Each structure stands twice: as structure tokens, then as C-alpha cells.
Amino acid sequence: MNLETKTLKTDVLIIGGGTSGCFAAITIAESSKAKVIIAEKSNIKRSGCLAAGVNALNAYIVKGQTPETYLEYVRNDSEGLIREDLVYTMSQRLNSVTRKIESLGLVIQKDESGEYVSRGVRNIKINGENIKPILAEAVEKTPQITVLNRINIIDYIIKDNKAIGAYGFSIDENIFYVIYSKAVICATGGAAGLYRPNNPGYSRHKMWYCPFNTGAGYAMGIRAGAEMTTFEMRFIALRCKDTIAPTGTIAQGVKAPQVNSSGEEYEKSYGANKTFMRMYSTVEENKRGKGPCFLKTSGISKEEEEELFKAYLNMAPAQTLMWVEKGMGPSQENVEIEGTEPYIVGGHTGSGYWVDTKRSTTIEGLYAAGDVAGGSPQKYVTGCFAEGEIAALSTLDYIKGRENVDVDNNEIISKLNEVENFLNEEAVIYSVEDIEDGMQKIMDQYAGGISQGYAYSQGKLKVARERIDELLELSKGLKAQDMHELMLIFEVVDRLFVCKILIKHLEERKETRWRSFQENIDYPQKDDANFLRFINSRYEKGQIRIILRNLVRRDDIYEHRH
Amino acid sequence: MSIAIDREKCTACGLCRQVCPGSLLYSDGQGKTFIKYPKDCWGCTSCVKECHFKAIKYFLGADMGGKGSTLYTKEEGNLMHWIIVDFEGKEKIITIDKSKANAY
Ligand SMILES: Cc1cc2nc3c(=O)[nH]c(=O)nc-3n(C[C@H](O)[C@H](O)[C@H](O)COP(=O)(O)OP(=O)(O)OC[C@H]3O[C@@H](n4cnc5c(N)ncnc54)[C@H](O)[C@@H]3O)c2cc1C
Ligand code: SF4
Ligand code: SF4
Chain A
1 MNLETKTLKT DVLIIGGGTS GCFAAITIAE SSKAKVIIAE KSNIKRSGCL
51 AAGVNALNAY IVKGQTPETY LEYVRNDSEG LIREDLVYTM SQRLNSVTRK
101 IESLGLVIQK DESGEYVSRG VRNIKINGEN IKPILAEAVE KTPQITVLNR
151 INIIDYIIKD NKAIGAYGFS IDENIFYVIY SKAVICATGG AAGLYRPNNP
201 GYSRHKMWYC PFNTGAGYAM GIRAGAEMTT FEMRFIALRC KDTIAPTGTI
251 AQGVKAPQVN SSGEEYEKSY GANKTFMRMY STVEENKRGK GPCFLKTSGI
301 SKEEEEELFK AYLNMAPAQT LMWVEKGMGP SQENVEIEGT EPYIVGGHTG
351 SGYWVDTKRS TTIEGLYAAG DVAGGSPQKY VTGCFAEGEI AALSTLDYIK
401 GRENVDVDNN EIISKLNEVE NFLNEEAVIY SVEDIEDGMQ KIMDQYAGGI
451 SQGYAYSQGK LKVARERIDE LLELSKGLKA QDMHELMLIF EVVDRLFVCK
501 ILIKHLEERK ETRWRSFQEN IDYPQKDDAN FLRFINSRYE KGQIRIILRN
551 LVRRDDIYEH RH
Chain B
1001 MSIAIDREKC TACGLCRQVC PGSLLYSDGQ GKTFIKYPKD CWGCTSCVKE
1051 CHFKAIKYFL GADMGGKGST LYTKEEGNLM HWIIVDFEGK EKIITIDKSK
1101 ANAY
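Protein sequences appear in the order of chains A and B. All residue numbers for the first sequence refer to this note's numbering, where the first residue is 1 and numbers rise by one. All residue numbers for the second sequence refer to this note's numbering, where the first residue is 1001 and numbers rise by one.
Just so you know, these hints were derived from the structure itself, not from any lab. Only a predicted model underlies this, so the values are computations on that prediction, with no experimental measurement involved. Each residue gets a CB set at the ideal place from its N, CA and C atoms; glycine is no exception. Take these hints with a grain of salt, some might be off.
30 Å max Cα-Cα, derived BS3-like pairs, lysine-lysine [stated by the list, open to error]: (1) B:Lys-1032 - A:Lys-241; (2) A:Lys-241 - B:Lys-1100; (3) A:Lys-100 - B:Lys-1054; (4) A:Lys-476 - A:Lys-159.
If you want the footprint, here are the derived chain A segments under chain B, 3+ residues with CB under 8 Å [as the list claims (entries may be wrong)]: (5) 42-54; (6) 241-249; (7) 308-317.
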């Protein structure tokens, strides 16, 4: 099949119209006359993590707290390995971006004095069901922003080591896109679907993280030689069994502790209350034969139960349906919990692009924000807004006085050929699904998935590395009948690239820093002397080069040396 | 996780097809919607909320303990009604005021 080539030009190209992408676009339009294109693989109205809604704003500086205390919390929760400059500059903006989203229409609960009502030390209460349509509407009514829905972006256009746009294709029409821009912001979110999921059969996509965020942004950066950080800090979420719905709403809402099958509260016996320890303690209880584990909800009132029904409908409706269908709500029965498969998601942990304080990646002209950017865990929705805002303002500085640059026509043709080669009705042995199954099985068994209690050894990682490379080779022979299938091919190839880099990072961190998230059987202890530093990587000429980098302090301004 | 579309009720308005975050919904020959990749459904209910004709019903897969109940929504001003119908046809309606924050 042959594709028609369409060429577009803009000032700033934003890849991914999700949380940070939409916020970045709005920021650019409000602060300048620059023209923006958002290229989004689905439709910005409900795309990405926010599709079903969110429960609360998890990152807000409530009364009595400060950006410094938020930084302290993140540093402690991540065992010291964070980019303080990034977390701090994000924290400073958490409250202003919250006011902004409220002004766009998000319902946030206030008390009599007009203060937002908090849920715990860092969360505020909202009605988050329609947060994505609210953002999308603000974008769509801004004439400076052009939204291209249902365009899957596949790679950056690079010239003289600078990002000057991106390639993509429509999932509906036979069109190949060449989009030139003076600067690019990558906001494609994290990566799900790398490991075998909790529900591997019919409900395989009933997972916590957005299954349509397939690590495209990471993979494009990897292929372009951008420096990546901390992929080894995977995120594994503690979730409600089967529905994989968030547990924080119950744990914090009705103050339900984690208990084992004998009803014992086990968390404290494992030491510090950190995100990864809540997960690890649950894995361990199960290993010791004390599972299944639950959130102890039985005994809550009927009114509390009704409020939980509503809270879940606003974010994870499957959970409410499950309760109602069973005829047994949380007031009568404790809620069973389990760990998810590992995800790579820089909004919760530190994985992603290695960016400077301005959120520029190591490729000039390319910025990153949200779950795709590394070094700054615990961003959540508001942190993604904050990063989108910082990246947007940085691109405005960068594009001053710059013109659009074109790439050599031969390069376009060679990229187009690469894409068209997949579009072929020829019968082949392997389907995308086969490659995906293979990848998820290998990652599960050899790179610390659910079946292994999240642990892995150097020996197993070696097998994983070899098998993922084989699958990458096999994936070159995949064929698509139509444009949607073409997207599915690129998704699995992107995930294989993410797996490849992830495995290397897991091999390099020869310690165990974050139990469960990064659990190396050969090196079960934390080793600050050697590993309180970042493991970064660059993919160059088919080889992964590892770079160790030191911590960056709160008031430092980190700059890349290009 | 998936949704079921009632072909009889579908008026071919096309709204649901525009919002699916996975672009899983397509038009059949007559403009009516079908889910092309049922196993890829995330269960986000975006399409369900978009349909004003109760044509899209949301259910839990049998592998997740589903028992045949379905869920759909109806909007009325600030109110969002979530209607759960069990396999015997018994309804439970949960109404959420969209202008109010979650209690939890
Ligand atoms: C189920 C769930 C519940 C959550 N609940 C909360 C909560 O209650 N409170 C809270 O504070 N945080 C919550 N979070 C975290 C928060 O929602 C995320 O950290 C944040 O939304 C991520 O924003 P992002 O911009 O990085 O990614 P997203 O918002 O997911 O945006 C990524 C966008 O990129 C698009 N895209 C991907 N690949 C391509 C490509 N190749 N070409 C073009 N476009 C592409 C996607 O379609 C998507 O629109 C939750 C997350 C999840 C998954
Ligand atoms: S929104 Fe409802 S009526 Fe409209 S196309 Fe979809 S299923 Fe049919
Ligand atoms: S529930 Fe969500 S993922 Fe599933 S078909 Fe509807 S819009 Fe798409």
C-alpha cells in the first residue's frame, strides 16, 4: 500500500494531547502568539490516563505545607534518588496550576473560608470525572492551537542533532505526516503492557495504567539517542483485585488499613511507610502464606459505602459495578488487594527522559513533560500540569528568532518506505499479538513480573535481554492490513525498545533500592556508597551506553553539556 | 473488560467513535458502531457516557468475576445517573451531582 505524504509546519509541536500536553498548549497560547500543533493518537477529549476521570489531586501544597515539605516527602519515598531541582520547581507551581484548572471548570471542594478541602497532607478533593473534557474544551476553543486527532507519531525528525519535528501517520486515512516545528514537546505518557498483566485473558486491558500509552515517547527518544534515566525504578501499583482500581480512595477515604487473611495489620511490621513498602509488604505476606491481603472495610457504614460507590464511578467504574453485581459492598466484605504488573511511568517513579531544569532533553529543541519525563517522581496530575507549563515556557524562549528547518527529502522517503513496508497483505507467520504475548511472557518470567514476586537475578535478565532482542528482529517482519493495524505494530515495537533499555538498567543497578519496584536477588541490599546515583543510558549505533550521574540539589540549575 | 453495543438502539450518530482513547470503535457498513478490538477495551466508559440512546452497555468480563450485569449512564443537567442492571433485569441507580466533589 502506498501512502500520501502531507507536510505541515508550526512553531511548537506537542506530541500527545494528554494531561501535560494540553496544559503545555494552553500555556503557550496564553503567553505568546506562537502556533501550536497537538498530534494525538486518539482524541484529546478522553485520551490518556485521565479518560475515566481521577479521584483527587494528589499533589497540592495544603495549608501548613510548603514546596520544601513536598520535596522532602518525595526524597524520602524514593530513597533519596531524585532530581531535587525538578521536584522543587514542579512543587512551586502545584498550587497555581490547580487554580488554573479550577478556573477552567474543575469542581474542587472548598470550606467556608474558601480553602480547598484536603484529603490527607497532600491531596485535595475534587469531582474529577470530567477533568479531561474540561482540558480538551479549553484547548479546542483556542485558535492558535491546531489539534490533529488520530495521528500516531512514530519518530522525531532530527537534523544537526536538533529536533525539528516528527513523523507520523493517520489511523484512518492512508496519509503519512511530516510535521516541522521549531521545538517539540514530548508528552506521550508512560508505558503499559510490557509485562504480562493481572488479567491476561479476555480482560487483558483491564489494567491500572492507560493501555494505550505504550511508551512511544520513550522509544522515539531512545532511537534518537536521547539520554534516559532510572528505567529500573518500575512502578507497581497496589490495587483492588481483578478490577485493578486504585486503593487510595478506600485507604484514605474510610481509613482502611491493610490486613492479611488472619486480620492482622501487617504493614508496620515491615518498617517505613513508603509507596514501594506498601507493595512489598503485601507480596511478602502472600509469600509467607498469610494471604490474601485486604483493605479492612467491613463495618463501615452504609453511607460511607454509598460514597465509595460514587467515588469509584467517577474514576474506576468497574469497581462499583463489581460491588453492586456481587450484592456485597465494602461495608460487608473487605476489599482484596493485589499488585499490578510493572509499568514504566515517570509521573509516579523516576523513569524517563533525562531533562535539565527547563525540561529540555539531551536533544536540542526537544522538551519532555509528564509521565514521559524522568527524575521527578510523585508528579500526578498537577505535577504533569506544572511540567507542561515549564516545558512550554522553555520552548518559547528557545524558538525566539528561529525559523523552521527542512530535512533532506531522501530521509523522508526512507522513513516513508520503512512505514509502507509494514503495509502489505502478504501472509506472514507472526502477528502483533504473538510478539506481544512473547514479550509479556519473557518480561514476566525473566525480568521480575507478577509470577516472580517482582524479583529477578542477573542470570534471568540475561535471558530476557537475548529474547527481547530476538523479538525485536522478528517484529521487523510484521505486516498490517490497515492503518489501525499499523499503529498496533508500532506500539509493540516501541514497547520492545522500552523493555530492552529497562532490562539493561535493571542489570546495572547492582543493589536493591526500592523493594518490589527494583528487586535484584543477587544484590538484595541497598548500597548507597555505589548506587545513590542515577543510572542513565544512551542508545548509540545499536549499543546501549551507560552513564552514571550524581544527584542534583534543590537550588542547582542543571544544564546539559551538548 | 468490555462493552456491548445494541445494534437496534444505535442511531449511527458516531459520537462514541470519536472519544475512545484506544480508537477501538468503528463504523460498520451502515454507520452503526461496533467494537473492532473487544479485548483491547480499557473499560473507561468514555463511549458509554457519549451515547444518548442507551446503546452501549458496559460489563465485567467473566475472567474478572463478571456475572452479566451491565452499566450505562444518563445525564440530566448537573446529574449523572449510573444505571446498573443485573442479569434478572433488576436496576440500581446511583446518581452523582457533578457540581459536587467526591466525599472521598
Ligand atoms: C487510572 C489512573 C488514575 C489516576 N488517578 C490519579 C488521581 O486520582 N490523582 C492524581 O493526581 N493523579 C492520578 N493519576 C496519575 C495522573 O493521571 C498521570 O500521572 C497523568 O495524567 C499523566 O499525564 P501525561 O500527560 O504524562 O500522560 P497522559 O495524560 O496519559 O497523556 C499522554 C497522551 O499521549 C498520547 N499518545 C501516546 N502515544 C502517542 C503517539 N505515539 N502519538 C500521539 N499521541 C500519543 C495519548 O493518547 C495521551 O493522550 C492516575 C493515573 C491513572 C492511569
Ligand atoms: S453514541 Fe450510541 S447511537 Fe451514537 S454511534 Fe455510538 S452507539 Fe450508536
Ligand atoms: S470503554 Fe473506553 S476503551 Fe472501552 S470501547 Fe469504550 S471508550 Fe473505548
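Could you grab the alpha-carbon distance between A:Lys-100 and B:Lys-1054 and see if it respects the 30 Å cut-off? Between A:Lys-100 and B:Lys-1054 the Cα gap is close to 35 Å, so the pair fails against 30 Å, i.e. violated.
With a Cβ-Cβ cutoff of 8 Å, does the region 241-249 of chain A contain at least three residues near chain B? holds (count 3)
Do the alpha carbons of B:Lys-1032 and A:Lys-241 lie within 30 Å of each other, as the hint requires? The given pair, whose Cα atoms are some 35 Å apart, is violated under the 30 Å limit.
CA of A:Lys-241 to CA of B:Lys-1100, is that 30 Å or under? Within the cut-off at roughly 28 Å; holds.
Are there at least three residues in the region 42-54 of chain A whose beta carbon sits under 8 Å from a beta carbon of chain B? holds (count 8)
Report holds or violated for chain B covering the region 308-317 of chain A, Cβ cut-off 8 Å, minimum 3 residues. holds (count 7)
Mind checking the alpha carbons of A:Lys-476 and A:Lys-159 for me, to see if they're no more than 30 Å apart? Answer holds: A:Lys-476 to A:Lys-159 is near 25 Å, not above 30 Å.
Checked against the numbered hints listed earlier, the structure breaks hints 1 and 3; every other hint is satisfied.
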